[in-house]
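Asker: Protein sequence lines correspond, in order, to chains A and B. Everything in the first sequence is counted per my numbering, starting at 165 for the first residue and increasing by one. Everything in the second sequence is counted per my numbering, starting at 3 for the first residue and increasing by one.
Don't read these hints as lab results, they were simulated from the structure. Worth double-checking, as some hints may not be accurate.
Listed next, the in silico BS3-like pairs over lysine-lysine satisfying Cα-Cα at most 30 Å (straight line) [claimed, not checked]:
#1 K276/A - K670/B
#2 K455/B - K477/B
#3 K578/B - K246/A
#4 K411/B - K349/A
#5 K280/A - K187/B
#6 K239/A - K670/B
#7 K589/B - K357/B
#8 K378/A - K299/A
#9 K19/B - K425/B
#10 K482/B - K408/B
#11 K411/B - K246/A
#12 K325/A - K227/A
#13 K461/B - K357/B
#14 K603/B - K299/A
#15 K280/A - K350/A
#16 K187/B - K455/B
#17 K411/B - K240/A
#18 K227/A - K299/A
#19 K276/A - K9/B
#20 K246/A - K9/B
#21 K411/B - K350/A
#22 K17/B - K461/B
#23 K246/A - K177/A
#24 K276/A - K408/B
#25 K187/B - K298/A
#26 K357/B - K187/B
#27 K378/A - K411/B
#28 K366/A - K281/B
#29 K664/B - K177/A
Computed beta-carbon distance windows for the label pairs [as the list claims (entries may be wrong)]:
#30 F380/B - L229/A: 34 to 42 Å
#31 L372/B - K239/A: 40 to 48 Å
#32 H18/B - R275/A: 24 to 32 Å
We treat Cβ as the ideally placed atom computed from N, Cα and C, and that holds for glycine.
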Amino acid sequence: MIQLRNIDKYIDKRFQRTFILKGIDLDIEEGEFVTIMGPSGAGKSTLLNILGFLDDASEGEYKFLGEPVHNLSEKKKSDYHKSHIGFVFQAYHLIDELTVYENIEMPLLYRKVKSKQRKAMVADILDRFNIVAKKDLFPPQLSGGQQQVVGVARAIIGSPKLLLADEPTGNLHSEQSEQIMEMFKKLNDEGVTIIQVTHSEKMAAYGNRIINLKDGAVVKENPYEEE
Amino acid sequence: MLKNYLKIAFRNISKHKGYSFINIAGLSIGIALSLLIFLFVMHEFSYDNFHKNADKIYAATLHQGEQTIAVTPSIIAPALDQQFPEVDKWVRIYEPTRYSPVVVKKGENIFQEDNFLYADSAFFEMFSFPFISGDPTTALERPRTIVLTESSATKLFGDTNPVGQILEARVFSDVINFEVTGVIKDVPSNSHLQFDYLASMTTRSNWSELSDTQIRAANFFTYLMLNDERSEASLSNKLPSFLSNFVSEESDLSLSLLPLTDIYLSSGIQAEMNVLGNKNALFGFIAIAFLVLLIAITNYINLATARSSNRASEVGIRKTLGAHRGALIRQFYSESVITTIVSVGIAIALVEIFKNPFFDLIGKEISISLFSDPLVWFMIILTTLITALAAGGYPALVLSSFEPEKVLKGNFRGSGSDAFFRKGLVTFQFAASIFLIMGTAVIYQQTDYILNKDLGFDKEQIVILPTGDNILSQKRELLKSEVLREPGVMSATYMSNVPGNPFGGYTAIHAPLQESVSTSAGAADPDIVSTLGLELLAGTGFPNNSEYTPEQGYVYIINEKLAETFNWSSEEAIGKDLNLQGGREGKVVGVVKNFNYASLKENIEPLALFMQPNMYDNLLVKISPNSIRTTLSSLGELWRDLAPHRPFEFQFLDQNLDALYKSEQRTKNIFLLFAGFAIFIACLGLIGLSSYTIERRTKEIGIRKVLGASLSGIVSLVSFDFLKLVALGFVIATPVAWYTMNQWLADFAYRIDMGLGVFIVAGIAALLIALFTVSWQSIKAAVANPVESLRSE
């Protein structure tokens, strides 16, 4: 599904080039649940952004479903955002002016799903995530965990093939975190490819592969499997 | 999707009530002012369009040298009709009230009327004034017939049908019993012909001027209806040779055709019946209305971009969910569209409420309904679109360009170019506001100057009584002596024309010289010098001799300017022969210092005054300042004794003169109104912007306070940034205002010197207003407890 070859990401500042990522080679197959770990500033989020087309690599080759990403037009990228990729953020990033229902519905609007079908799909998700009672509340009225549940619901309502999660549990306490991770596990079982960034080994354990980043480079692939 | 846009737009508008209030208040005021100006301008441009034959009707105008004159000799219309097949119909109009009001009597009721015209019989076939009763084609055919407007008919005849009834009118010295042959709807306000009574021209058939066979005095408005659109060009070509049949070769007279619908906005025509409009002023008003609207639009742009960081994460999220840039642009546009529509709604309500006060303010009687005219609808829709696009455009482009990867990190701050743009806009707003304030100040000074300038004669406490009829001419001496016996009356003089109204145009001839001189002239009695306080430079003035008649030879008091034109010194002029066209041979007996008997827009032109009692149509009475009221009431009693056939209606000379500057008063009021709202809207924007800046700098202010910054230090820290922009606006506005106001002042022969003072005062005023606005916010921030702001992090 994803092939990264010799990906570099750097920032040029007056006579000095700062590398954020350097020489990343990575293959991720469909159906994997990958966790990217590493200390602060290791380049985890940057890598995730590149994977999700939110940022471009400075050098190197990135193929998504066999198609070279650097050739994609803006239009094509947002088409992929609509249909193939879902995002979950540490800060939830719900739109405060919209209700839970409307937040979840939004991706469908951009996909121009018909009103009737939209209602059915949102109702289904609300039901599945057990938040029917909260559908008319606004995000600030919810707890962090509940907001993240909505965030996940919004990310997957378009049945993406790939779910990218940047520290999805970073702002949550453990019970809420486990709930979200259980959710991810279940989605993965249903065939969704998941890539998450986390600091927590406990959360990483839900996945089946770990990529360790340090100073912008992959240091050791999946140390747990060898045990 | 649209529903989603609208939903979030509404929620954003209602969530940020303060900002929405600033936007909507500014836009609705800006739009309301623009609509009001548009209604006014539309009215001004619609003059005489309502006539069915509007595109075929022309007024013949006379040109002499630089002057264009609205009146022509009586022979022009019938002669043109006789000689040229292009002329379909012709009408001459004669306005007796130019010289003296007409007194209309019905039963016991007497009215003094100023809108009384005579017209040839084709009048109602040419012009479309709808009849309520009577027959338009025959109404003016017979002598002593008259057509009334609905209101004058009601005033005289109540609810009864006046057609066939008789009313008595006293025109000059004639008492005429007119038969009412028709009633028309009131003349619309956008007609350059204004009348309450229209009498048939044949009534005056014994008047020699009507059957002139050559060019004599120009007393008639001539209207021609031509056959088709081609007729105008072919007739115009023939006019020079036509006129050469009547005038000598060296004459500088010429004739031309002016389309009916162009008359009202052809400013600069002399001797027109009513005050004409001024096209340039209209364009100026549109420009300043647009300027105020632009200031309001700028508020929207400024506040939307300033707060863009608040919306940034929303943009980021939407993009990760697959929103195209186009979709986001549409979304942000929908917010400006909603804001604009709400503002337009409020603006329409404001216009409905304030249109009459506004029209009062600009001195116009306009009855216009906002919704009856499709053009108004078109303008409203156009304004909505332009405002929504202009206000929403830049914010939509900026906001939709945010990249999710950057904005979703949190702590996003807008780009520097954005802030630069915003500063530019604030500078523009204050430049525009300061320009309007400066303009207002200059216009105020100038109108104040022309209203209070020493005119070279006394205009205060002088009452004008119309006396131009046969009964009062019998009692001329008696009336004046009785008036003078009133203790409060200081002096009185008869005059044919009153300063402020046009004097007759004559040709003055001094026999030994070949060339003739154009001059204004009128009749007056010997007391004019004392009553108006004229300064006699040479000679004795008119003989104070009740036995004097013009048959003994005319006597002239001329002004310095006329003496100069003949190359005479004041002393030399005395005793010189002078003849005014029309056989008034006589001698100069006095030279008076120049005085401004006409508008101060014009230089003083030559003037000759002569004694001719049968032209004494007005009695000017100077009243002692301490007893105006009692003197007026005793004059009223005297009037009822001596002139029971006329109502006691009078005018003050100073008011008559002030009326010359109606359009200047209008310009002043419009500028005042617009400058006031411009600075108000600009300050609303400043409140929004400064409170936002302060909100973002709360932490900085908190830290500075903890480190010991003083209150004034913090206030100036925040205020200075904005005041720099206001100061820059001042620098930009000053030359523009200087140039524009110089142009405006160029219209006046007498004008103020624009000192730098006005500009500096206007600039300082704007600066103080801005300072007050900003410091109100910054003081609030400065006195806040720093612990509060620092804890919130």
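Asker: For each hint given before, does the structure comply? Return the numbers of the non-compliant ones in rising order.
Answerer: Numbers 1, 2, 3, 5, 6, 7, 8, 10, 13, 14, 16, 18, 22, 23, 25, 28, 29, 30 - these are the hints that the structure violates, sorted from lowest upward.
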